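2 protein chains.
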Amino acid sequence: MSFPTVGVIGAGQLARMMLPPAVDLGISLSLFAGSSSESGAQVAPHTVGSLSDVDAVLDWASKCDVVTFEHELIPQELISAIEASGVKVFPKAQSFLFSQNKLAMRQKMEELGLPNPRWQAYDGGEVTVEFPLIAKSISGGYDGRGVFQIADESALDALHKEIGKTILLEERLAFDFEIAIMVARSPHGQASTWAPTLTVQEDGICTQTVTPIPNFSRALAAQTVQIALQIAQGIDLVGVMAVEIFVVGDQLIINELALRPHNSGHWSIEGAVTSQFEQHLRAVLDLPLGDTSLVAPFAVMGNVIGIETDKSKDLYKPYLHLMARIPGLKIHQYMKELRPGRKVGHVTLLGGDLLHLRSEVSHAVDYLSGAIDE
Amino acid sequence: MSFPTVGVIGAGQLARMMLPPAVDLGISLSLFAGSSSESGAQVAPHTVGSLSDVDAVLDWASKCDVVTFEHELIPQELISAIEASGVKVFPKAQSFLFSQNKLAMRQKMEELGLPNPRWQAYDGGEVTVEFPLIAKSISGGYDGRGVFQIADESALDALHKEIGKTILLEERLAFDFEIAIMVARSPHGQASTWAPTLTVQEDGICTQTVTPIPNFSRALAAQTVQIALQIAQGIDLVGVMAVEIFVVGDQLIINELALRPHNSGHWSIEGAVTSQFEQHLRAVLDLPLGDTSLVAPFAVMGNVIGIETDKSKDLYKPYLHLMARIPGLKIHQYMKELRPGRKVGHVTLLGGDLLHLRSEVSHAVDYLSGAIDE
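Chains as they are written, first to last, in the working numbering: chain A, 138 to 511; chain B, 138 to 511.
Same shape as in the complex, but just chain A:
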């Protein structure tokens, strides 16, 4: 044994945020990046290449002790090819499938006896889910992309023609709120969750998270943890995974899985003893998992999402005001160009006064996203 190198396919902000715990632990990162200007590639060692160049990926992978991913848009064949070359890949291709293929995910949840919304695979023919419904591309969607609100049969027909292949139909739930839970699992089957998180959504994008979930019963929290652990075991997860869940009264309905560090776990960088990024490294390296306890009564995370604005806006200048106003604010800058709708950073604030935390986080996000121009 000696200090390992973890290969990461992808070089966005999730790869960037793996660097601090890697530096602490003496673990080397090697990113497979689309370009040197990507968020993670700006700070971590990387190889530039295309995922369609299988030989280049295999050559890069052969120099890593284990390979993992920071996004879902990776061809199954590529993951299988790395596995076949003898390099460890976590999560495994067969697990990662449930993060990439929404139909396979629904089937798996059903097989595990876990709560799905009403759903069907649709390729024309009878519609068994009630209108209005949600239609989803089976693969390739994330952050609300590939998800469609469908009012009636004719809208469904039009979408089906446009997409030209099987789509997934899901019941449109009148949910009370949306939550997420992060879970980590190692090859040995050791598994641990963090506290469930409230994900506050605007226009299908998460703008803020609150951990733990205010006014959430112990019974529901325990059930959330149980669902996450059951899925982790059921799909043979290695690494971290987010399980997104709808809460309808006292019912939990599974929405999505993401088999990677996830926005809904960013609070754990400062808010938990072990962050999701450190835990992901520990899990894929088959090291014992770390303590996931909270270090404060509440952790509130706010996403900095670009609005219509000048691309050249100075994102550093707001530090002068924000650090003075909120001395405990933790700013994470992804060093991405500001674009409408694009996540360019996040902030986290810990404390006990939830109203104060949420309003200060909103204030910080307004200044960092360009919504307020000084």
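If you are wondering where the hints come from, they were derived from the structure by calculation, not from laboratory data.
Check each hint, because a few of them may be wrong.
Which copy is meant is left open, so a pair is good if it fits within one copy or across any two.
With a Cα cut of at most 20 Å, we get these calculated SDA-like pairs of lysine to any residue [unchecked claim]:
id, residue 1, residue 2
1, 273, 283
2, 454, 165
3, 225, 457
4, 454, 141
Bear in mind the structure is a predicted one, so any value in this text is a computation, not a measurement.
For this one, chain A is given, so just place chain B on it according to the hints.
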């Protein structure tokens, strides 16, 4: 304004530990390193060169928005030369002097009316400090180097001949324990301390720190903070500084100053809302300082110091045991070769049960230092 580059002279573990907060905030680091294999240079952008090559240093500095240091062994003339070239340098040469020159430091403390031990500059002649006493090289010493226990006049004569220049004599205090306090100050004069820290010493080297100091009165804690703030203002500090202090009954006597992130502040990485490394960057960039509150009742830090052992010892393998036994343990590996007496890493553990924390930290250090060979 835009995202700045902070130049750091030195590329040891202190520079390495500046990287995580720099990555979070989008601040670029540029180290001036002796070699690419140094702890910080392994992970951060750097220029390799010699401090005796003033032109190379000035060329490198001209590309930085501000220059700072991670060790004391930097010639005053070099700092002055960078300042003269128009590049901001923090701490300033005139402040840094008190970290480098122990005689100037004693004179300054006296001028500020702050508590020194009995002391004198000695270049032969009458000895006014009682034997046995402590003799110190005026510059170049750290971590117990350049500090001598002197029993009598003949030993002093011998040392003085050996050193061949003025030395500092100090009263040998029968102190109860040693403490340290970290303080940060910005060019605007904004200043903040962390909680005072107990530094547990063995053979003149700090092996463990405990923050806050157990059984330390509020009055003494307040006096410690006041001393740190007075020194910071008195020497026009910019950046972070450690003030090492002897506690003798209810008296505080100043021992040493270090104008840089310091071992006695490593606990702040996980134990405080803002770490000394983030605060140092904020201070030298003249950003508002961050919240220094503790996030746990106690933070215990243990230094991993090499013992007589095989240089090729695997420092990664103990992770398997230690992470399983102590899930909340935070390991910081400097990626330096194991050598007797050399600091190669540190660990931190947060919690409320101090005896438990201290014994688990000792256990972890034993495994990581090679004291226990599995």
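Results for each hint:
no., hint, verdict
1, 273 with 283, "within (6 Å within a copy, 71 Å between copies)"
2, 454 with 165, "between (32 Å within a copy, 15 Å between copies)"
3, 225 with 457, "between (45 Å within a copy, 19 Å between copies)"
4, 454 with 141, "between (38 Å within a copy, 11 Å between copies)"
Checked against the numbered hints given earlier, the structure satisfies every one of them.
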